[in-house]
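Participant: If you're matching them up, the sequences are chains A and B in order.
Its first residue numbered 305, the first sequence is counted upward by one per residue in the working numbering.
Its first residue numbered 118, the second sequence is counted upward by one per residue in the working numbering.
Hints are computed from structural coordinates only; laboratory data are not their basis.
Possibly wrong hints are sitting among the right ones.
Said to hold, decoys possible - Here are the simulated SDA-like cross-link-like pairs (lysine to any residue), alpha carbons at most 20 Å apart as the crow flies:
#: 1; chain 1: A; residue 1: 780; chain 2: B; residue 2: 161
#: 2; chain 1: B; residue 1: 548; chain 2: B; residue 2: 415
#: 3; chain 1: B; residue 1: 227; chain 2: A; residue 2: 964
#: 4; chain 1: A; residue 1: 433; chain 2: A; residue 2: 390
#: 5; chain 1: A; residue 1: 492; chain 2: B; residue 2: 227
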Amino acid sequence: MSATQSRKRSLATSKNNRLPLNAPACADERDSLLEQAFSHVQVVIPPLWPLADYVAVNPCVGLTDRSFLNAHLYLSSLRDCDLLMSRDYFRTRYSEGHLTADQIAAAHARCVFEYPDVFGQLPLSQLMKWLTESAFETPVRQNRFRTVADAVDECQGSTWSNHIISDITRHCAAHFDEGQATWSSPWKDVPLYTAWREATQLSRRMDLLGLKGFQSFVANLSAVPRRAVQDLLTLLEVPKSHWQPFLLCVAFSVAGWSSYVRYRVRKSETEGQENDDLIGLLAIRLAYDVALARLPGVTRPLPLWPTDADLNCDQGPAGQPSVDVQARYVLQVAAEGNYRQGLLRQLASSPEASPTLKRPLLQMVFCIDVRSEVLRRNIESVADSIETLGFAGSFGMPLEYIPFGATEGAAHCPALLRPRFQVPETLLDLDADSAHRIDDEHTTSQDARPLWKTFRTTAASYLKIASSFGWRYVGKLLSKSVHGNRHVSHNRLDGWDDQLKSYLGPDLIAARNHGLTEELRLELAEGMLRNLGLTSNFARVVILCGHGADVTNNPYRATLNCGACGGHSGKPNARVAGAILNDPQIRISLNARGISIPADTWFLPALHNTTTDVVELLDLPLVPPSHQSDITKIEDWLREAGRLSRNERGLRMASTDEADIFRRSRDWSEVQPEWGLAGNAAFIVAPRWRTVGMNFGGRTFLHNYSRGLDPELKVLESIMSAAMVVGNWINMQYYASAVDPVAFGSGNKISHNVVGQFGVLQGHGGDLKTGLPWQSVYDGNRLKHEPLRLLVVIDADRSSLQQVIERQKPVRDLVTNGWMSLIAWEGSDFYRWTAQATWQMESVVSD
Amino acid sequence: MVFWLPVALLIASMLALFAVGIVPIRLMKQSSQDLGRLVTVLAWSSASAAITIGVQVAAVGVIEATWTLSNRPLPVSFKVHIDGVAIAMLVSISFVAGVIARFSSIYLRKDAAQARFFRGLSLTLAAMLLLALSSSLLMLAGGWIATGIGLQSLLTACPGRTVTTWAARKRALTSRLGDALLITALALTYQCFGTVEFPELFQQTSDLLQSNRLPAGTAAIGVLLVLAALTKSAQFPFHSWLPAMIETPTPVLALLNAGVINVGAFLVIRMSPVISLSPMALSLLTLSGAVTAIVGSVTMLTQTSIKRSLACSTLAQIGFLMVLCGLEAYTAALLHLIGHSVYKAFAILSSGSVLETRTTVGALDYPAWSRTVGHGMLAIVGYVVAYQLVDRLAANAIPQPAGSLSTLGIVLAIFVVSWFVGTIVIPPIAKPFAQHRWARAAYVHALNGFYLDIPARRLTDWIYGQPLGAR
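All chains, please: the whole structure from these sequences, using the hints.
Facilitator: Shown next, in the form of structure tokens:
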């Protein structure tokens, strides 16, 4: 049965989820309650992408149908985690004057209005007392679901949890390894659970550690994971009504691996394959626990679930949040109110009528990424005749880019989409013979690579490399230490000079045979221009500026790249989009559809290096001679804008000079090459003239949108259901990594250990790490990312927004349940969407 | 004619590093950046001084210097003994430490533990320099113990994680055992030879060798020295503390795998005239080294995380080095020590680049003959040249075996054979058997490091009074 089928089935049976306890399980029928629990786990566990394609994910992505506060309660009843900052943090904010009593009072009133059941009993005076006096102590004992190993460890002071998680890590890493081990697991081709079951029957580790009889226990387990889970739950005497939260607790006990397996299941689903690995992982974890619970020394019953658990699992625990949680929530709302007021004050000064249209010399389309905001502002300040636009950085080109000499590539499009065509990389501007010759040489040198690795790693030969080849590392160490500026060479292009590398580019002719048909080209071109709102008044030069980070020795490189391009550079997307829009045939067809691009308009791809704020113009040899003088001018502007942006960044990074900014991108010992999207707090959907000249401090996503050009709300719907959701994922990832770096972040970079070439461990073992490293949100003294839920401001009327909200359930969940806040920007008025699904006028208090 | 300035610079750097290493931590919390710069400069200056001295040693053989600090009431003097073996150690550790110090000035910049780290690094480096410069077994033991203390302070620089504490405990136990073994050997040496000064000691051993009448204690001394070296260099059965060190920050890991691990090997090479008197000690060394090399390299093949692979590789490399020592191929061992240090420092510091350097092609493809042979020839030529250089440098420091076959010949033969077996023969033969029952079992056991960490863990927990499992 495929996962989709099982989900349908569980939906069908969801009405009678309150089966009487100990209902006899029918042997043939899959237990509907169990299937329901499985699909609940599938939904709640967020996927974790491998390092090479890392994209941000909202760690609560499966809980957005609950309110934020409810999700917090639910999660903290299942694992040791927190979605709200500590009291100490808010106290400091309050004592430093970042939060005022007025703001707290306003936030309190808002919370009482939105959730009267919860906050009705919390008087403001009690809240202020909680904040300023130390009388209220946070509860120590956590009344929650826990695994057997946790319960035993707490009771006996043992370290079973560590041993079990390490063993699961050892096994999962071997199973999913993408090329680190030379001798790889013999069970890589079978499902996770089967592989584990066979390997564990051979492994003596748990027996030696004192889990006597584990090998035979595993041998007696069912070979079918769902069956095994059911048997194990029965052995553990878990009441059926607890199955769903208990299984989720089990999954969270190895949260990293659950998330990675969840990603793989998701991938299999899109490829139409069945994948039961997540259920397998549950069976694996439960097997250790049940074997542990059966040890003679363990006293039963173990405290595995909260004593007062309300069993209505659909809604999570129904109990009231504690004063501590309530108060921290109100303060979180107050902190967000503080930022919101500041932003709205800025926006209130915006002109209400659009300026008269004048043809700009240059239009630059940037990614919505918060780092673009700085460069956009600076480039606009350099010259008058420049207009900038914001759009998702994949430029609507859902492509898979296949690097030179490789047979498969990576998806350069948002994680929610699948690539629609493939673009192979080739050597442009070279005659066929030379290209062929280089291809041959490249293939030969690539063939030698695995040989070099075999040679380096095979048991016997490894021994003398140190003696014979060790010397060559003296030079490498010296150059890295003295200059500090040598890149680790990318093996793929070893021995290539810069000249040759500059010829590499997308092969659009070959792409025609890989899905990029004439119709698709036209569809993409039109879709991009319409979604961008750029259908008239084209400038002479339109730059499509993707972005990518330039860092070295950094496993988390992809977190600094373009999220809209699946954690890769936006370079190929910009080049493909430029080539399509410059195609005369496409322009003729576009003209027929009402978009007339002037003959003297040239689309030029570019790449914004977010680490150094240098903009590299691409495909310059293709630019017609008539535009050469424009290019010279543009290059000067970009240099100046880059310099201004680096100055601004220098303040933020405490860098002394520009040279330090460049050093950061090349230094192998740098753990903070750039701040990435840290600080992100708002998402503004409006024409640029509404926000031009305003300094948002690199904290806002800016998306172009003109309500007037969108009569059917198609564009608005696509922005709110795609770009805005991506913004929420990024925002929540930063939020959670800052609020609870242990549960949702990936820990300290200085002891990161890359495992299987797809993930990161903290040192020796432990669970796979998810989220962002501590260094991405923390600068050594204080948080660099102030955790705020995303504030979305859309320049459109309330009724249009409401139409989209009603049409799109995921959007409705996000904005109504407090995962972000939505503001309709009508002229000079602001209306906020509330948890009661109503609009409320948001007054702007002037300073 | 000896040029004394570099020697003075080296000793001054060492003393300065010692001074930094014992300053109370609260005095330098505010200035960890300057501290980093200072340690880097001191390490680089030691390295360059050592290279300059090395040129002279190549010419004159051994440099000895004595500073008499006082004659009365007790004669106190500081004496250094610099030969080829000392140069190899001095250059490799100070170079590696310099690279690590520079790396850490940025890498740990935002970390609360940075000042502690530099203090520990400083102490460890100074201790290792003292060890390398020592002119007597007593001084060597002092450097040995100080290295252990320095390393301990590095390992606890980032406290808070239970696994780290546990791993540090295991290492501390092994280290104390090594100290005890070395001190016993020191006492026994004094009893046997009446001196612990290297020149006199080595004079006596070469006389003894000619007279063919060995005092009763020599075998015991050799075995004790070898055992001490095995603890410090993480050799079987004392090896399991090394892979557990992965918890520590990358620069500490690099210093451990590229520097501190060599201390045991240095002891063996330095004391080779004494150890060579005891066939039992040599056999023990060879056996333990071989077991470690096999366990380490087989385990390494199955490891899935980069740092663990590298730690297993260190085990294998140092095991191989010990085998070379056991076969009395001390020049080859010395060469291996230097090469491994720089290679391993680079590999660990750049361990974050796994994704940048990985290839798109699979790992275990059948290699092309021509290229394998080409690489092999190149490696052999490079090796012979380097061997001659080191041999020339260390000629006066290590005993030359009396056997008829040249050591270089034997070593080269081992290389060539293992080369072809390793890269040409094993992969294609092993591939079809990968799914066999015994191969699967072997894979699982190798993945688990043959469970050798568990007894060590039990012992540590028992000594520290911590429960291992439920009981």
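Participant: Does each hint fit the structure? Answer for all of them.
Facilitator: For each hint, the structure was consulted:
no., hint, verdict
1, A:780 - B:161, "holds, 16 Å"
2, B:548 - B:415, "holds, 15 Å"
3, B:227 - A:964, "holds, 16 Å"
4, A:433 - A:390, "holds, 16 Å"
5, A:492 - B:227, "violated, 40 Å"
Of the numbered hints given earlier, the model fails hint 5 alone.
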